[in-house]
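Asker: Line by line, the protein sequences are chains U and F. Quick note on numbering that gives the first Met the number 0: the first sequence kicks off at 0 and runs consecutively. Quick note on numbering that gives the first Met the number 0: the second sequence kicks off at 0 and runs consecutively.
It is worth saying that the hints were derived from the structure and are not from the lab. Any given hint could be a false lead.
Claimed, not checked - Derived DEER-like restraints, expressed as beta-carbon distance ranges:
(1) Asp182/U / Asp130/F: 48 to 58 Å
(2) Arg154/U / Ala560/F: 31 to 41 Å
(3) Pro63/F / Arg88/U: 39 to 49 Å
(4) Glu356/F / Pro26/U: 56 to 66 Å
Stated by the list, open to error - When the alpha-carbon atoms are kept at most 35 Å apart in a straight line, the in silico DSBU-like pairs for lysine-lysine are as follows:
(5) Lys214/F / Lys318/F
(6) Lys210/F / Lys59/U
(7) Lys59/U / Lys214/F
(8) Lys193/F / Lys210/F
(9) Lys146/U / Lys191/U
(10) Lys59/U / Lys11/F
(11) Lys193/F / Lys53/F
(12) Lys59/U / Lys53/F
(13) Lys214/F / Lys53/F
(14) Lys11/F / Lys318/F
(15) Lys193/F / Lys318/F
(16) Lys53/F / Lys210/F
(17) Lys193/F / Lys214/F
(18) Lys193/F / Lys59/U
(19) Lys210/F / Lys11/F
Claimed, not checked - Which stretches of chain F does chain U cover? Using the computed rule of at least three CB atoms under 8 Å from a CB of chain U, they are:
(20) 332-342
(21) 578-584
Heads up, the beta-carbon is just placed ideally off N, CA and C, and yes, glycines get one too.
Next come the chains, spelled out residue by residue.
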Amino acid sequence: MEEKNERRTEAKGGAAGLGPRKVVGTPVRRPERTIAVESYVPEVARGVGITLAHFLRNTKEYVSGQRPDPVLESVGEGINTLSYPEQRRPYPERFRGLHRLTRRADGSPRCVACLCCSTACPAQCIYIEPGEYPVGDGRRGYERFPKRFVIDEVRCVFCGLCVEACPCDAIRMDTGLHAPPYDSRDQFLFEKELLMSFPGRDGSYQTENPRHEPGDPTHPGIDRKRHQ
Amino acid sequence: MNWVEFTLDAAKAVFVVAVLSLGIGGLLTWADRRQGAMIQDRIGPNRAVLWLPKRLAQALALGPALLVAAGMVAVALVSRSLAGEARTERAFVFGHLAVLLVWLTGLSVSRVVAARGVRSSFDAFVAWIGDSRRFFFAGLVAHGLVALPGMTLRGTAVGHHLREFAFGGAPFVFALVAVFGAVYAALAMERADKVGLRIAGLLHPAADGLKTLFKEDFVPPNADRFLHGLAPIVTFFPALVLLAVVPFGDTLCFAPNAAGVLDWASLLEPLASVPAGGTCEVGVRLQVVDLNIGLLYVFALSGTGIVGAALAGWSSDNKYSLLGGLRAASQMVSYEVTLGLTVVGALMIYGTPRFGEMVAWQATHAWGIFTQPLAAILFFTAAIAESKRIPFDLPEGESEIVAGYFTEYSGMKFTMFFFSEYVAVATIGVLMTTVFFGGWHVPFLDRDGFRVAIGESVVAQQALSHVVVVLLGVVAFLGKVILLCMLQLTIRWTLPRLRYDHLMRLGWRLLLPASLVNILLTGLVLLAVEGAGEQILAALAVLVDLSMAALAVGALGAGVALVSYWLRPVRRTRMPRTSAVRLAERLGGTRTARMGA
Chain U
0 MEEKNERRTE
10 AKGGAAGLGP
20 RKVVGTPVRR
30 PERTIAVESY
40 VPEVARGVGI
50 TLAHFLRNTK
60 EYVSGQRPDP
70 VLESVGEGIN
80 TLSYPEQRRP
90 YPERFRGLHR
100 LTRRADGSPR
110 CVACLCCSTA
120 CPAQCIYIEP
130 GEYPVGDGRR
140 GYERFPKRFV
150 IDEVRCVFCG
160 LCVEACPCDA
170 IRMDTGLHAP
180 PYDSRDQFLF
190 EKELLMSFPG
200 RDGSYQTENP
210 RHEPGDPTHP
220 GIDRKRHQ
Chain F
0 MNWVEFTLDA
10 AKAVFVVAVL
20 SLGIGGLLTW
30 ADRRQGAMIQ
40 DRIGPNRAVL
50 WLPKRLAQAL
60 ALGPALLVAA
70 GMVAVALVSR
80 SLAGEARTER
90 AFVFGHLAVL
100 LVWLTGLSVS
110 RVVAARGVRS
120 SFDAFVAWIG
130 DSRRFFFAGL
140 VAHGLVALPG
150 MTLRGTAVGH
160 HLREFAFGGA
170 PFVFALVAVF
180 GAVYAALAME
190 RADKVGLRIA
200 GLLHPAADGL
210 KTLFKEDFVP
220 PNADRFLHGL
230 APIVTFFPAL
240 VLLAVVPFGD
250 TLCFAPNAAG
260 VLDWASLLEP
270 LASVPAGGTC
280 EVGVRLQVVD
290 LNIGLLYVFA
300 LSGTGIVGAA
310 LAGWSSDNKY
320 SLLGGLRAAS
330 QMVSYEVTLG
340 LTVVGALMIY
350 GTPRFGEMVA
360 WQATHAWGIF
370 TQPLAAILFF
380 TAAIAESKRI
390 PFDLPEGESE
400 IVAGYFTEYS
410 GMKFTMFFFS
420 EYVAVATIGV
430 LMTTVFFGGW
440 HVPFLDRDGF
450 RVAIGESVVA
460 QQALSHVVVV
470 LLGVVAFLGK
480 VILLCMLQLT
490 IRWTLPRLRY
500 DHLMRLGWRL
510 LLPASLVNIL
520 LTGLVLLAVE
530 GAGEQILAAL
540 AVLVDLSMAA
550 LAVGALGAGV
560 ALVSYWLRPV
570 RRTRMPRTSA
580 VRLAERLGGT
590 RTARMGA
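Isolated chain U (complex conformation):
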């Protein structure tokens, strides 16, 4: 108790500026430095040994192709980290990546420009400009097509509601891609052509759901030619 008080007064005396300021507190005990540490040479040798061991092991596993698969076998000896650009951990199957517009058998988009996705989108990142098929086209009067279909991939929150909302299975997020590191925002405005150029993770541009064109006998809705 007495000792504590004494220290306090010491501190006060220092703060008052009378004489050099005294240091308060118990002195920290320094770790003892042996001659080996002082002379620096054995410690350097130890450090060099550690570096060399790491270098040897790392180089061995890379150069001789012994590097284990960091995803499939990752417990135990060997390097455990993924080296990113060269090795990638595959995303889970239901990972929502960049959007794609699925295609019909003839290569045109499945999208019928119903605006369900842009309506459902909470981030309002989808812009669709619908267009009518020209007179004489078999699809005219049944459905429209997107003249422009733009998704702002920076604004997108990757919630997947557009995919849920789509009645035609025309928009999907199964590309397995994530947004590339562009350097300006307008580069993230993905147009229809770009969105149609992404394949799904199975490599196909279409979907397994069959598409029934107007005029097909399997067409489920009202076929005006048949029902006239």
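Got chain U; can you put chain F on it based on the hints?
Answerer: Frame of chain U; chain F shown alone:
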């Protein structure tokens, strides 16, 4: 000097620049890049690749192998008429070469099969043998079996038959295996349409050099254009010419012709054997020039490196450059003193500044590391400081002065600074090897072959022809230099940078007095040895032999341990099967990246 000598000198100069400067410099650049990749867990230098069409790659695999095989058969046919000791020696060399090639080929095939799977019945056989380390260990045993009869069965009938067996059979085994290995490699390429030549990323330094040649050469507007351009040349030139005085092998002796000088014809017939203590009348020194001031020449030239750094700092019109140049100048001047004083002890012992004679002294007495251990450490430290590399890289301390004296340099000029640093590392390795690690000397290898002896008692003996001995010396020299350079790199990767006052204190208050003490101690020891009796000298000789034996055993053990470590497969247990792991499994795993593949 005649045309023969001139041609030989030119060839030696090209060898020194190509192998000791550019080769080792490239190797060190690769190692530094590999280390950087290790820290960031990248694959590192493997992007540079030379795509060869399939047929060309197959020809490159087959052609040299066929040539080597044919050469081996030719040598065997030419030396058919040899008799006596020469025949035994030739059989010994043939046997070892054949064994070496067999286990190397087996090892490579086994690694290839393990990596890409079994494709043929031969692959299945190799896979059945299993772990590729077995090839290595079997090869070691076979080497021992080849070496053993030469020591124990000499002069007996069995020994004679074994010798004839090795003499006749080994060259053909060698040729067959060489051709087989090449054909196997060529067949393995058959499935690809092009073959990438990467050499484990060793092409990368060359690509870097090419790249910087085409980069912009920026000169600051107010810089002194002339001095700015001169500085990298002044730095690079001494680094290149410095190695001219260092011997990279023993003198190669030739049979003298009638006039007693070297001519083209005598180059074809090197002496079969040179006696242990013997010298030759007509020889080619494996050294560009044999200056009588050897070591002093090295110090004089390495001193001009200061001028380059100071010029670069001064001419750049940049305060950081100027500070870096000043730091470089003061640091290098300080450590030059220590550098010069540490080798005084070695000079006192060897009694000559000529490198060739230094190595000869170490070969007949003891390596410098045993006679001058303190000086070796001091020299190494001072030399690293002299080369301005971590932990002494104050002149280019990034945290304080950007990049120091070469802040304002770009393109090839920057590369010249950069590369002269690597050449400086190689130079330090070469000097350490020559002054302290016996140069081209291999323990227990005399001029006429191996003679393992402790004191007077001979343990084992094997005569070798002159050319083989000299070649072994060159290989040993390069190996020592590369090891010492790797040590320097590892020190660079390990230690943090010193503070400037610590650097100066270390130089002037620790290394300098220690080197003076070393001179004093050396003098005392020299006096003591001079006054010592016969018995003490004999005991010292035994001590030297024992240390050499320990060194040889240690080096061999380390080599074997390193190779078997390199071949050891990595064993891992599997991870819990999450959905991501299942997906990765379906996609064939994530291990797509492989260096050199």
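Asker: None of the hints should be skipped; say for each whether it holds.
Answerer: Comparing the hints with the structure gives:
Separation of Asp182/U from Asp130/F is about 51 Å and conforms to the stated range, judged on CB atoms against 48 to 58 Å. Between Arg154/U and Ala560/F the beta carbons are some 59 Å apart, a value that contradicts the proposed interval 31 to 41 Å. The supplied range of 39 to 49 Å is met by Pro63/F and Arg88/U, whose beta-carbon atoms lie about 42 Å from each other. For Glu356/F and Pro26/U, the hinted distance range of 56 to 66 Å is satisfied, since their beta carbons lie about 59 Å from each other.
The suggested pairing of Lys214/F with Lys318/F holds, with an alpha-carbon distance near 24 Å, which does not exceed 35 Å. Distance check on the hinted pair: Lys210/F and Lys59/U sit about 28 Å apart at the alpha-carbon level, within 35 Å; holds. About 33 Å separates the Cα atoms of Lys59/U and Lys214/F, which keeps this hinted pair within 35 Å; it holds. Only pairs whose Cα atoms come within 35 Å are accepted, and Lys193/F paired with Lys210/F is accepted, the gap being roughly 24 Å.
Taken as a hint, the Lys146/U and Lys191/U pair is honoured in the structure, with Cα atoms around 8 Å apart against an allowance of 35 Å. Annotation: proposed proximity of Lys59/U to Lys11/F holds, straight-line Cα distance about 34 Å (limit 35 Å). A hinted pair counts as satisfied when its Cα atoms are at most 35 Å apart, and Lys193/F with Lys53/F qualifies at roughly 5 Å. Restraint check: the Cα-Cα separation between Lys59/U and Lys53/F comes to about 28 Å, which is no more than 35 Å; the hinted pair holds.
Restraint check: the Cα-Cα separation between Lys214/F and Lys53/F comes to about 33 Å, which is no more than 35 Å; the hinted pair holds. A distance of roughly 43 Å separates the Cα atoms of Lys11/F and Lys318/F; the hinted pair therefore is violated under the 35 Å criterion. Proposed proximity of Lys193/F and Lys318/F is contradicted: the alpha carbons are some 52 Å apart, above 35 Å. For the hint pairing Lys53/F with Lys210/F, the CA-to-CA distance comes to about 27 Å; that is within 35 Å, so the pair holds.
Among the hinted pairs, Lys193/F with Lys214/F is consistent with the structure: their alpha-carbon atoms are about 30 Å apart, no more than 35 Å. At roughly 26 Å between alpha-carbon atoms, Lys193/F and Lys59/U fall within 35 Å of each other, so this suggested pair holds. Proximity of Lys210/F to Lys11/F is assessed by CA-CA distance (about 29 Å); at most 35 Å being required, the pair is judged to hold. For the stretch 332-342 of chain F, the assignment as covered by chain U is violated, since 0 residues bring a beta-carbon within under 8 Å of that chain's beta-carbons and 3 are needed.
Requiring three or more residues with a Cβ within less than 8 Å of a Cβ of chain U, the coverage given for the stretch 578-584 of chain F holds, as 6 such residues are present.
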